[in-house]
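Keeping the supplied structure of chain A fixed, place chain B upon it in accordance with the hints.
Read off the chains here:
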Amino acid sequence: MNDQWTDRLSEYLDGELDAQERGALEAHLSGCAECRATLAELRQVVARAKGLEDRPPKTDLWPGVAERIGSGKVVNLPAHRARRFSFSVPQLIAASIALVLLSGGGAWLAVQRWNVTDRRPTGTLAVTSASWTGHTDAAIADLQDVLTRNESRLDTATVRVVRANLAVIDRAIAEARGALAGDPSNTYLNLHLADTMRRKLELLRRINAIAAARS
Amino acid sequence: MLTILTAVLVSLAPLQGQTDTTFAVPAGASLSVNNFGGAIVVHGWNQNRVKVHAEHGSRGRIEVSLVGSTVMVKASSRQGAPSVVDFDITVPQAMALTLAGTYAEITVDGMQGPISAETVEGAIEVRGGSGIITLHSIQGTVTLADATGRIDVNSVNEEIKLSNVSGQIKAETTNGDVTLTGVKSASVEAATINGSVVYEGTITDGGTYVFNSHNGDMIVSIPEGANVTVSIATANGDIDPSFPLPLTATHGKRRYTFKLGSGSARMEVESFQGDIKLRRPEEIRDRLQHKNKNNNHNEHDDSFDFHFDSNGVGAAWVRDYAATYAREYAPKYAPLYARRYARAYARAYSH
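Top line first, the protein sequences correspond to chains A and B. Residue numbering for the first sequence follows the numbering used here, starting at 1 and increasing by one per position. Residue numbering for the second sequence follows the numbering used here, starting at 1001 and increasing by one per position.
Bound conformation, chain A alone (with noise of 0.2 Å):
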């Protein structure tokens, strides 16, 4: 792994680089299987995100703002030039997950307390299940409360057929986690597991909403 370009990989992806640079990365792209295989991983991130369905925000903050605007307070604002951000792998794929879970809905727990600003090793993909598992086994655990109190509103036969893929997706998850132990680092079981985590929130919340809607 050459770490002077793969930190400039996701600058490339974004179209960032000047021609000079881009040239030179490109040049290096075809001698480096590692650095096209991580090049491929962050175009994977970026389409999964891209595919991610847009959710409106549960608060809308505009009539806040347009409180404030129609206060007439003028603020002077800082001169400062154009920011530019750039992410390491493991960050964009910390990113991922947190996309990937967010679109479960009622996940927000889980990524609540994200820390994108922690820069790790570069070349390094640092992102592993402990770091990020924990607030979403939160958030399922709330979830699974719900039902509970709710599976009396529930068909029998329908209560018996989502434990049943619950205990799917447990599996699924169990023998995810098992994996990633043994390989902490693989991007394809992290985002694996958070999908599958994902499929397991968005299960609770339909059944729960169900129940609720036969109250």
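To be clear, the hints were calculated from the coordinates, so they are not data collected in a lab. Remember, it's a predicted structure, so these values are computed and weren't measured experimentally. Yeah, the Cβ is synthetic: ideal placement off N, Cα and C, and Gly gets one too.
The list that follows gives simulated cross-link-like pairs (lysine to aspartate or glutamate, EDC-like), each with its CA atoms no further than 20 Å apart:
1. B:Lys1051 - B:Asp1020
2. B:Lys1259 - A:Glu34
3. B:Lys1259 - A:Glu26
4. B:Lys1051 - B:Glu1063
5. B:Lys1184 - B:Glu1283
6. B:Lys1170 - B:Asp1146
Some, not all, of what chain B presents toward chain A, calculated at C-beta under 10 Å:
7. Ile1138
8. Ile1193
9. Thr1208
10. Asn1212
11. Asn1215
12. Ala1233
13. Thr1234
14. Ala1235
15. Asn1236
16. Arg1255
17. Arg1266
18. Phe1272
Quick list of the computed label-pair ranges, beta carbon to beta carbon:
19. B:Ser1076 - A:Ala209: 17 to 23 Å
20. B:Gly1017 - A:Arg206: 31 to 37 Å
21. B:Asn1236 - A:Asp137: 23 to 29 Å
22. A:Asp142 - B:His1043: 42 to 48 Å
23. B:Ser1077 - A:Asp142: 33 to 39 Å
Same frame as chain A, but now just chain B:
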């Protein structure tokens, strides 16, 4: 209008257990049906009229009203538990549909507009439709054919089948297979936890294709001449292509990326436990035809294994299969079919 419609329907229910009415609807009207248990069948026709036929028990009550531009059809009971009602409704082909049931099977045929169908227990089968098409069932197979638009199909405990569909496609189940054939799309997402994913369709330049399973094989077609960058990953399965792969990058264990043509489309194929089988479209079509022919005799799906050994099929195998799966499937199918047959017989003998 609401009062008129409701009044007309009440007076048009002279036969015990059956309601029939037909009325004109304004252009652009939509239909909303809510049925606790039974069936919702909707057909499209080229008239600006809605025809509602409902079969129900003596306690059953059918309410039809027009709220805004929406025709609302609702089943309820005069007393006690909700009545089981079988609806057969014919509507203008372009009418938007919102169909909801709890223990209801939903069938739609010959429509050309948006369709939303949701049920807890019961299959959903739709042919036709365009625009936003959303089909959700918890415990029922979901089938969609000959549709185009933004398609979102979801089941939990059964399989999903899409054929001859185009547009933006998302299909997801937990415990069942996802089969997509004859797809024309630049955006396809198909996933299951416990089941296989089959994709036979186009790969459009610049498109995105994501196929994912935890415990099942992925059988994905890649046409010759496709311009696609393919990322494949499996933790415990095998990679099984029927054509040579130009593997350009390998990252970590069992992860591969390769580019075909310009590589402008992106495809991800991932299965934790299952094999990843890359095939040409005609291979998948042939195998699906073969599978369909044999489906009545043998549900064991080895049809994508190119070294399928049929010697084991016979009395001994059937005996082993029954011994293995009877215990597993009995609890699943007994409640499903007991309810269905009880409903049919109750209706037949209640008159």
